[in-house]
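Sequences and hints are given; from them, build the entire structure.
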Amino acid sequence: MTHQKPPEGAPVGITPGADVARLCALYDGLLTPGSPAISPAAEKELKALANIFDLDAERPAAELWPYVRAVLVRQAPPEPAAASTPVEPRTVLLVEDDADAAADLTEALDAAGHRVIGPFHSAEAAEAATALHAIDLALLDINLSGEATGVDLARKLKSRWGMPVIFLSGDVTAAAHNAELAAAMVIKPYSGRDVLDAIARLEGA
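Take any residue in the sequence shown, count from 1 to its spot, add 27: that is its number in the numbering used here.
Hints are computed from structural coordinates only; laboratory data are not their basis. Just to be clear, a hint being listed does not mean it is correct.
What the hints assert, rightly or not - Computed cross-link-like contacts, DSS-like style, restricted to lysine-lysine with a CA-CA straight-line distance of at most 27 Å: (1) LYS71 to LYS215; (2) LYS215 to LYS185; (3) LYS215 to LYS183.
To be verified - What follows is a list of derived Cβ distance ranges for each label pair: (4) THR200 to ALA52: 23 to 29 Å; (5) SER186 to THR118: 42 to 48 Å; (6) ARG220 to ALA126: 17 to 23 Å; (7) ALA69 to ALA161: 21 to 27 Å; (8) GLU134 to ALA155: 23 to 29 Å; (9) THR118 to ARG182: 35 to 41 Å; (10) GLU115 to GLU70: 40 to 46 Å; (11) SER172 to GLU134: 35 to 41 Å; (12) LEU53 to ALA175: 22 to 28 Å; (13) VAL100 to ASN170: 20 to 26 Å.
Glycine is no exception: its CB is placed at the ideal position from the N, C-alpha and C atoms.
Written out as C-alpha cells, the structure reads:
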C-alpha cells in the first residue's frame, strides 16, 4: 500500500509527520469531554489527514483524531540534530515479508553498526528467535506470512520481554488501531534512512 500522494482536496502543506505540534494543539481538545466543537475548516483538515493515512474519514472528529494522532506522533521525523547524532549499536529483530525491502534494510542496519537478527517473514519464526538472542529492539511489518501478524508478535514481545517495537507497514489502519504497542511507526514505502532515523528518535527519547 502506498501513501505518497495526498488525495484531492487535502490542505496544502499537510503531509505525514508535518507540523505535529500544531496539529496536536489544534485537535487534542477533542479528547476532553465537553470541549467545544472544532471549526468546519479544522474538521476538513482532520478528514484530509485521515484520507492520507487511509483511515475512515467518515467517523466523527472526536473518534477520528486519536487514530490520526497515533500515526503522526509515532512517525514524526527527528530533529535535524538527532538525525546526525551517532546511535549506539543495537541488536535488532527484523520481521519483514517483502524480501527486497528486508535485504535493503538489513544492509542499511549493518552499515550503521547494528546487529540484525533475521530477517524473518513470519511471526512464528521471529518469536522462536527471541528465545535464542538478547534483542534490544524489534522492527515489525504487520501483514506477514503465516497465521500470526506483526501486531500479534508485538503484543507478545512487549508482554514477555518489554521489547520496544517499531512498526514498518503500509497498513496504517492496523498500525493506528494498535499504536499502544509501538514506540514508533515507519510507513511504507520507506528507506533505510527512515528506519535509522526512527531508531535514533527512540535513542533520544
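**Request:** Taking the numbered hints from earlier one at a time, note which ones the structure violates and give those numbers from smallest to largest.
**Result:** 5, 7, 9, 11 and 12
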